[in-house]
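J.: Each chain, written out:
Number of protein chains: 2
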Amino acid sequence: MKIAMREGVTLPQGFLAAGIAAGLKRSGKKDLMLVVSDRPAACAGVFTTNQVQAAPVKLDREVVRRGVARAIITNSGNANACTGAKGMRDAKAMAALTANLLKVKPAEVLVCSTGAIGKPMPMNTIAAGIHAIVPVIAAAGGDDAADAIMTTDTRKKTATVALAIDGKPVTLTAFAKGAGMIEPNMATMLGFFFTDAAVEPRALQRALKQAVDLSFNRISVDGDMSTNDTCLFLANGAAGNRPLHPNHKDWGAFTAALSAMALNLAKKIARDGEGATKLVTVRVEGARTDAEADAAARAVANSMLVKTCWNGDYPNWGRIMDAIGYSPAKVDESKVDIFYDDLVAVRKGVAAKTPIEALSKIQQQEQFTVAIRLHLGKGQAEVYTCDCSEEYVRINVDYIKMPDGREPT
Amino acid sequence: MKIAMREGVTLPQGFLAAGIAAGLKRSGKKDLMLVVSDRPAACAGVFTTNQVQAAPVKLDREVVRRGVARAIITNSGNANACTGAKGMRDAKAMAALTANLLKVKPAEVLVCSTGAIGKPMPMNTIAAGIHAIVPVIAAAGGDDAADAIMTTDTRKKTATVALAIDGKPVTLTAFAKGAGMIEPNMATMLGFFFTDAAVEPRALQRALKQAVDLSFNRISVDGDMSTNDTCLFLANGAAGNRPLHPNHKDWGAFTAALSAMALNLAKKIARDGEGATKLVTVRVEGARTDAEADAAARAVANSMLVKTCWNGDYPNWGRIMDAIGYSPAKVDESKVDIFYDDLVAVRKGVAAKTPIEALSKIQQQEQFTVAIRLHLGKGQAEVYTCDCSEEYVRINVDYIKMPDGREPT
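Chains as they are written, first to last, in our numbering: chain A, 108 to 516; chain B, 108 to 516.
A few of these clues could be false.
30 Å max Cα-Cα, derived DSS-like pairs, lysine-lysine [claimed, not checked]: (1) 263(B) / 193(A); (2) 263(B) / 109(B); (3) 199(A) / 212(A); (4) 212(A) / 226(A); (5) 165(A) / 437(B); (6) 109(A) / 165(A); (7) 460(B) / 165(A); (8) 165(A) / 455(B); (9) 136(B) / 165(B); (10) 226(B) / 442(A); (11) 165(A) / 109(B); (12) 468(A) / 193(B); (13) 455(A) / 226(B); (14) 460(B) / 226(A); (15) 437(B) / 109(B); (16) 485(A) / 109(A); (17) 210(B) / 165(B); (18) 275(B) / 385(B); (19) 485(B) / 385(A); (20) 193(B) / 437(A); (21) 263(A) / 468(A); (22) 165(B) / 442(A).
Read the hints as simulated data drawn from the structure, not as lab findings.
Looking at chain A on its own, in the form it has when it is part of the complex (with noise of 0.2 Å):
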């Protein structure tokens, strides 16, 4: 099925957004952001599995419990993580008072904050930013509320779809952060997806958790998985359809927009990860199982000797061997194969014949494939991830003297 998806932010019928800078990134950029539904949304989450969680993760899962959702309000600059009790209060506090302002209940409002760990919310700021921005919100505020999650992203990731539910025209719009802390199951990334079709609230989370289980669960930068990774979906029902479900003729097309835009984010948080100069995947074939599949593509994807080599030309394959050899998944090195791209680098288990500058110029793109085989079964598995330069390094220091004005994750 083709997906014709554009950049941007296109805001379904029935939504408002807006993104301000309230004060809260030292560099004066956008840092607070506001989406709301002009009337009740069926509302899905999925959120990290750290056991260390931040206040708003905490609050958001009952919200999503309950199902329904007016609006959701974001800073960057501060995770309201490891906050005690008083993180939690400041949290609700967010939602009250946006609530408040908006005329809708609290408990519909969903928060999310993104930043340093640790730090106390500098709740007047908050609230200052809230009263500024409720009455700015507007249809055409997508891009600004895009902006305004942004942390060391370097690139604003955005995605929309058009397409017609019971011939009823649909938008799906969606906007994602994240650059460090990615691992797999969702670190430091925020995603957010709108649309104005109405869809049966147990099927909006399973369609979201299926969407984020191929793409967002698939990324990795650093390895690290952060305490505040939350994934939303709302869902307004303005544009009139049949609420969709698993067995409505329409589902396919729906879920697979949703599917290819959650890709489309999620590799692109993994080419923006901090100092990332190249996206690379990570293909594991012939895997005992599909689990040992994934175990040994992580392995690869994480390998800090496997990912500084990816920064330079020289495309170091022993260390990709030793990656495999290390992870969890049965490997027989006599019977490994290793392609970049469509060239053999490994065949069972040696240097295959190809040229080495051959190798060197697809590692020299700014995307390629890693595929590994290992002719043991059928398991199969596909990651996406980034190579490691000196400046992710450089960024995750020391970042209070960071010096272009982008903000901690």
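Please arrange chain B on chain A, whose structure you already have, making use of the hints.
T.: Then chain B, alone, in the frame of chain A:
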């Protein structure tokens, strides 16, 4: 027990050694090492657990299984890993040529290789080197031998202890290399221990395994585990003591010295991790089990975000909370305390009152300890690691172009 440990390699009675430049390293530095015992020595070994193993590792396992060795021949500059059947032939040829020139049995020659993976061994160079090194072995050659195994190491790692067994003077000497690809379970490291004490073979293996578990298996530089890790221990009995075994009255003194030396070398490896500027001890206490304490400590020690943070001055303990949160260990964030040396940074999961400047001062030391108390049980563990600097990335991005002549691991 006070153990008087010295730097440097003092070969025990009956051992001769040399280290020469055979032409394997482009830099012209020493790259071939030979240690010989003038009589058969009991021999023990501990090896990488990677499924992808270098040819010499496979060969050495057999020698160690038989338990008797006369010599160790070791090259740096090429790992002889992922080299297939030719690699095994080459390792055997190294043993055979060394044995032939020394007039000992090939089955009693151990072989180690360290360097880049996946390149055929330049056997002409190696053979010429073996011919050159055999005539120059000497009782004073230990330090040259230690030089010859270095790759990206910036410092030699050596330790010597003199003790008395059955009233007879005994020497224990050891040297090691390791800088990148260092993870629990002995990533690219080589460690060699020699003594003139007589030790029963099975007791020797047991003592080495125990010492390695508490030292080399507790360090981590980058989370990568190598194909070549090898730790060997030769005991030739030249001191004339009654053979040591666990019921010998001096067994405790002997194993205490061995363990202290292993820990000393292991910490030197961590401190000299590629690009490292600091040695950090991560201690986890109060986990449900020792295994969970170990898992939590390793999650912290391997977190790129934690390690890059340590490279700077700012004690961003939120990243430590994050890492224990995604570790397999059970964590209740509201119970966690974190200390930098003796200063508390986190109390019950939130920032303690200690001024950030005081914590920063500790993090600026060349050595410090991060102690994490989970308050869930009695499990504890300690691992030794280092910070991650831009230099680490620089070294690993493109070692082909390394400016200062250091060689790839």
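J.: When the hints from earlier in the document are held up against this structure, which numbers fail?
T.: Of the numbered hints given earlier, those the structure breaks are 1, 6, 11, 15, 18 and 19, listed in rising order.
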